[in-house]
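Below are the chains, spelled out letter by letter.
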Amino acid sequence: DAKTTQPTSMDCAEGRAANLPCNHSTISGNEYVYWYRQIHSQGPQYIIHGLKNNETNEMASLIITEDRKSSTLILPHATLRDTAVYYCIVREGSSNTGKLIFGQGTTLQVKP
Amino acid sequence: NAGVTQTPKFQVLKTGQSMTLQCAQDMNHEYMSWYRQDPGMGLRLIHYSVGAGITDQGEVPNGYNVSRSTTEDFPLRLLSAAPSQTSVYFCASSQDRGDYEQYFGPGTRLTVT
Numbered sequence: 011d012a013k014t015t016q017p018t019s020m021d022c023a024e025g026r027a028a029n030l031p032c033n034h035s036t037i038s039g040n041e042y043v044y045w046y047r048q049i050h051s052q053g054p055q056y057i058i059h060g061l062k063n064n065e066t067n068e069m070a071s072l073i074i075t076e077d078r079k080s081s082t083l084i085l086p087h088a089t090l091r092d093t094a095v096y097y098c099i100v101r102e103g104s105s106n107t108g109k110l111i112f113g114q115g116t117t118l119q120v121k122p
Numbered sequence: 010n011a012g013v014t015q016t017p018k019f020q021v022l023k024t025g026q027s028m029t030l031q032c033a034q035d036m037n038h039e040y041m042s043w044y045r046q047d048p049g050m051g052l053r054l055i056h057y058s059v060g061a062g063i064t065d066q067g068e069v070p071n072g073y074n075v076s077r078s079t080t081e082d083f084p085l086r087l088l089s090a091a092p093s094q095t096s097v098y099f100c101a102s103s104q105d106r107g108d109y110e111q112y113f114g115p116g117t118r119l120t121v122t
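Protein chains in written order, with the working numbering: chain A, 11 to 122; chain B, 10 to 122.
Everything labelled a hint here was simulated from the structure, so no lab data went into it. It cannot be assumed that every hint is accurate.
Among chain B residues calculated to face chain A with C-beta under 8 Å, some are [said to hold, decoys possible]:
| # | residue |
| --- | --- |
| 1 | Y73 |
| 2 | T79 |
| 3 | D82 |
| 4 | P84 |
| 5 | L119 |
Stretch by stretch, here's where chain A covers chain B in the computed footprint (C-beta under 8 Å, at least three residues) [unchecked claim]:
| # | region |
| --- | --- |
| 6 | 23-32 |
| 7 | 104-111 |
Some chain A residues well away from chain B (every beta-carbon gap over 12 Å; in silico) [said to hold, decoys possible]:
| # | residue |
| --- | --- |
| 8 | Y46 |
| 9 | I57 |
| 10 | S80 |
C-beta: ideal position from N, C-alpha, C; glycine also.
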């Protein structure tokens, strides 16, 4: 079972920041938070990951609370192409199986 | 680089038929895996491989076989197709099993009638 809880769906206006929350209250000390997204009918795509510090790359920012029980993915200037299902995943960095547990994710709809 | 490629894109089988879903990657990745995606179920791991000659079962392996004779290829075989295997199948690869970024293929949509 997924170890994360996400809202089922969210809307965002084009050009505005999209903030996608994720709860992972049972996260262990050696587990990372990963974010992937799946645009309709395509394979999932990696976005960003982090352990305890905030992270930023060319796609997004990841804010992890100090107690690590929740995090927020931020898309700073959402475009229509960011409409997708966003998955928050918790996994050990040194996974034995490499398995990613995809829950239901958050369907983000970016509107003009 | 082509990344991860999968063939075919679509396939319709009759119950009891067998077939092989192809997956190939050109990034020299050691780790490869197969997932299936069903409505309301998320993606579930079928089989995975940490290198050529090494495979292992995921959470839903029944009815599927895999082999890994080369680093590049990781085919998934359906031995005797059943309607319950109607799904979208994704292949993924990464440098190793602990790598944070896994690359997914475009998927194969399989219907078993």
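A quick look at each hint next to the structure:
1. Y73: For Y73/B, the interface hint is violated, since the closest Cβ of chain A sits about 15 Å away, which is over 8 Å.
2. T79: violated, 19 Å
3. D82: Violated. Min distance 17 Å.
4. P84: This interface hint is violated because 17 Å lies over the 8 Å limit.
5. L119: violated, 14 Å
6. 23-32: It is violated: at least three residues are needed, and the region 23-32 of chain B offers just 0 whose Cβ sits closer than 8 Å to chain A.
7. 104-111: holds (count 7)
8. Y46: violated, 8 Å
9. I57: violated, 9 Å
10. S80: Its Cβ never comes within 12 Å of chain B, the nearest being 20 Å, so this holds.
The structure does not agree with the numbered hints 1, 2, 3, 4, 5, 6, 8, 9 stated previously, though it agrees with the rest.
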